[in-house]
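J.: The residues making up each chain are set out below.
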Amino acid sequence: MNADVNADVITVSLEQAIEAGDEVQAPTFARQLLDLGQTPTHIAAALSRAMSRLGERFRRLDIFVPDLLVAADAFEAVMAIITPALVSARNPRHGKGTIVIGVVEGDIHTLGKDLVRVMLAADGFEVHDLGRDVRVDQFLDAAREHHADIIGMSALMTTTMERMKDVIDLLKSEGIRWDYRVIVGGAPITQQFADEVGADGYAKDAPTAVAIANRLIEGNVI
Amino acid sequence: MTSRERIEAALCREKTDRVPVFLRDLTLGLDICNFTTPEICAGSYDAEKAAQAVIQTQRRLGHDCVVGGIHDLGLDVDTLGGRVEFPERGIPYIAEPGFSRPDRITGANLPDIRREGRFPGLLRSYRLVRSAIGDEVAIAANMEGPVTKAGLLRGLDNLLLDMVRSPDTARAMVEFSVVLCCAQAAALLEAGAHFLFIAAASDGPAAIRPKDYLQYTIPGLARIVATANERNAAVVFHPHGPFTDERFRPLVDVAIETGIAGFQFGEGNDLALAKQLWGDRVCILGGVDIAETLLPGPRERIETETTNIIAGVGGDGGFILMPSCSVHRGFPLEHLRAMIETAHAASDPVV
Chain A
1 MNADVNADVI TVSLEQAIEA GDEVQAPTFA RQLLDLGQTP THIAAALSRA MSRLGERFRR
61 LDIFVPDLLV AADAFEAVMA IITPALVSAR NPRHGKGTIV IGVVEGDIHT LGKDLVRVML
121 AADGFEVHDL GRDVRVDQFL DAAREHHADI IGMSALMTTT MERMKDVIDL LKSEGIRWDY
181 RVIVGGAPIT QQFADEVGAD GYAKDAPTAV AIANRLIEGN VI
Chain B
1 MTSRERIEAA LCREKTDRVP VFLRDLTLGL DICNFTTPEI CAGSYDAEKA AQAVIQTQRR
61 LGHDCVVGGI HDLGLDVDTL GGRVEFPERG IPYIAEPGFS RPDRITGANL PDIRREGRFP
121 GLLRSYRLVR SAIGDEVAIA ANMEGPVTKA GLLRGLDNLL LDMVRSPDTA RAMVEFSVVL
181 CCAQAAALLE AGAHFLFIAA ASDGPAAIRP KDYLQYTIPG LARIVATANE RNAAVVFHPH
241 GPFTDERFRP LVDVAIETGI AGFQFGEGND LALAKQLWGD RVCILGGVDI AETLLPGPRE
301 RIETETTNII AGVGGDGGFI LMPSCSVHRG FPLEHLRAMI ETAHAASDPV V
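Chains A and B, in that order, are what the protein sequence lines are. Take the first sequence: its position 87, counting from 1, is numbered 87 in this note's numbering, and each next residue is one higher. Take the second sequence: its position 155, counting from 1, is numbered 155 in this note's numbering, and each next residue is one higher.
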């Protein structure tokens with residue numbers, strides 16, 4: 001078997017390992033691909049395809065949150081291997097856009113946000129995860145620090161979702177509202193709420209967040 | 001009929017004089033009485049103020065069923081090594097679960113819920129509410145389901161990963177949680193609750209796989225139901241997920257087989273279809289979508305949705321109208337009032 005054919009087989013195996021949430025085999029396949037001379041971009045593309053398929057199956061409820069969580073772990077194990085090379089190569093995939101993401105103040109439900117982070121990274125965005133219980137001003141500080149294109153906010157509680165409006169209001173009062181696009185999501189969030197608070201996008205799940213982020217970037221509105 | 005009779009009849013799938021309403025308002029009363037969250041929930045739990053908040057809210061809005069205290073998800077967490085935060089005007093939340101380290105699960109002791117932490121205060125609130133309005137108004141003991149409780153104690157992401165990678169850890173955590181749930185069920189019923197409401201956000205396909213539901217949720221639910229039935233109390237089960245979707249209907253059937261009296265369907269379900277499929281075996285609970293309708297309003301939209309739901313489900317009894325999930329402080333009272341008043345007007349009478 002020549003190197004190209006072997007690489008093709010291993011690439012398929014890598015994608016299958018990601019979809020199966022195999023955090024041992026997935027990085028092993030990634031290392032083998034690097035040893036065969038494949039680029040980090042090639043591997044990142046494989047990750048992206050696998051996560052995209054998972055997102056679609058999740059949307060159809062053919063798979064469930066635990067399946068996504070183990071896949072996310074496998075994904076991050078591979079990303080830990082290829083990220084240094086991606087960054088040093090100034091890979092164009094990471095030129096796709098920069099996003100700061102977090103769970104708003106008073107809310108600690110990170111599961112949905114974590115899945116969004118992984119799916120965005122798999123799609124080639126540079127993601128800065130601010131974690132949970134993020135203060136209003138911290139979103140702005142991080143957006144400035146990382147020269148973000150998009151601010152992503154998540155909330156699971158009706159009592160904390162209003163913090164999203166506070167962030168957008170602060171962007172306005174600082175005169176930098178149109179320096180960033182804002183995506184909101186989480187269980188109590190609706191398109192109507194997103195419209196009312198002035199967000200640019202509403203994502204009901206992780207795959208939708210990726211689609212919205214791409215639409216905002218590709219729409220060249222940033 | 002009194003409110004209590006109305007709820008009890010509905011749970012027995014009998015006709016009622018009008019469609020009963022249960023708000024499952026867990027912290028809403030804090031706004032009614034203008035209490036801060038720490039004022040009641042932090043420290044040893046202020047039972048008198050909690051009961052006052054519950055009673056005042058029922059008097060203000062006129063719903064048929066109350067939860068017997070101000071409820072938060074961390075009521076037992078501090079006694080199990082975790083940490084709960086109490087925002088001044090927000091909902092208490094678990095900042096640190098007690099069992100984020102799996103080695104803490106083996107050999108962990110159940111807290112004495114009648115003496116330790118905030119739970120004794122909650123029990124006293126139930127007694128006060130029962131004494132004040134319990135003859136007239138139904139009192140639900142709000143508590144968590146097996147996986148939901150385990151997720152709170154372990155951290156939900158940890159638990160879900162355990163289910164895949166470390167099933168022994170998941171089993172141990174859920175077992176501990178079920179024993180705790182049964183103890184809490186018994187204590188809440190003894191304190192005056194008329195029935196159990198098992199809030200189970202993480203016990204359905206919105207969070208776990210169907211096979212996890214069958215392995216973890218159903219056996220635990222059966223034990224909680226047995227605990228309630230020993231005390232002649234009914235159980236309502238409220239997991240999250242699209243249960244009227246054909247693929248997930250068997251999950252409702254197995255829940256009904258545990259002996260539950262009611263099943264609350266959340267968002268994304270067809271209530272009329274649920275009534276058609278299971279209405280001869282279980283009381284159907286459910287109602288106005290919180291995120292899409294009840295929270296944003298306006299009043300006319302809430303009235304329309306309420307009227308449509310009652311027309312589709314409520315006509316022949318065996319139905320309790322609810323918001324699609326729990327409501328909390330900060331919720332617009334006028335929106336809840338619109339739902340309740342529409343229910344009273346639209347469903348008068350169904351006998």
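No lab work stands behind these hints: they were computed from the structure. The beta-carbon is built from N, C-alpha and C at its ideal position, and this holds for glycine as well. Do not rely on the hints blindly, as some may be mistaken.
[What the hints assert, rightly or not] Just so you have them, the derived chain B footprint on chain A, three or more residues with Cβ under 8 Å:
(1) 36 to 43
(2) 139 to 149
(3) 200 to 209
[Stated by the list, open to error] Chain A residues, not near chain B, derived (Cβ > 10 Å throughout):
(4) 5
(5) 49
(6) 84
(7) 106
(8) 110
(9) 133
(10) 170
(11) 177
J.: Now tell me if each hint is right for this structure.
T.: Each hint, compared with the structure:
Given as covered by chain B, the stretch 36 to 43 of chain A fails the check, having 0 residues with a CB less than 8 Å from a CB of that chain where 3 are the minimum. Figure legend: the stretch 139 to 149 of chain A, annotated as covered by chain B; annotation inconsistent (0 residues with Cβ-Cβ distances under 8 Å, at least 3 required). Only when three residues or more bring their CB closer than 8 Å to a CB of chain B does the claim for the stretch 200 to 209 of chain A stand; here the count is 0, and the claim is violated. At the 10 Å boundary, the C-beta of residue 5(A) stays outside the reach of chain B, the nearest C-beta of that chain being 33 Å off.
Distance to chain B confirms residue 49(A) as a non-interface residue, since its nearest Cβ pair spans about 22 Å, more than 10 Å. A cut-off of 10 Å between C-beta atoms confirms that residue 84(A) is not in contact with chain B; the least separation is 26 Å. A cut-off of 10 Å between C-beta atoms contradicts the statement that residue 106(A) is not in contact with chain B; the least separation is 5 Å. The beta carbon of residue 110(A) is not kept farther than 10 Å from every beta carbon of chain B, the shortest such distance being approximately 7 Å.
Interface exclusion of residue 133(A) from chain B breaks down, the closest Cβ pair being 8 Å apart, not more than 10 Å. Annotated as non-interface, residue 170(A) keeps its C-beta farther than 10 Å from every C-beta of chain B; the closest such distance is 19 Å. With a least beta-carbon separation of about 23 Å from chain B, residue 177(A) lies farther than 10 Å from that chain, consistent with its non-interface assignment.
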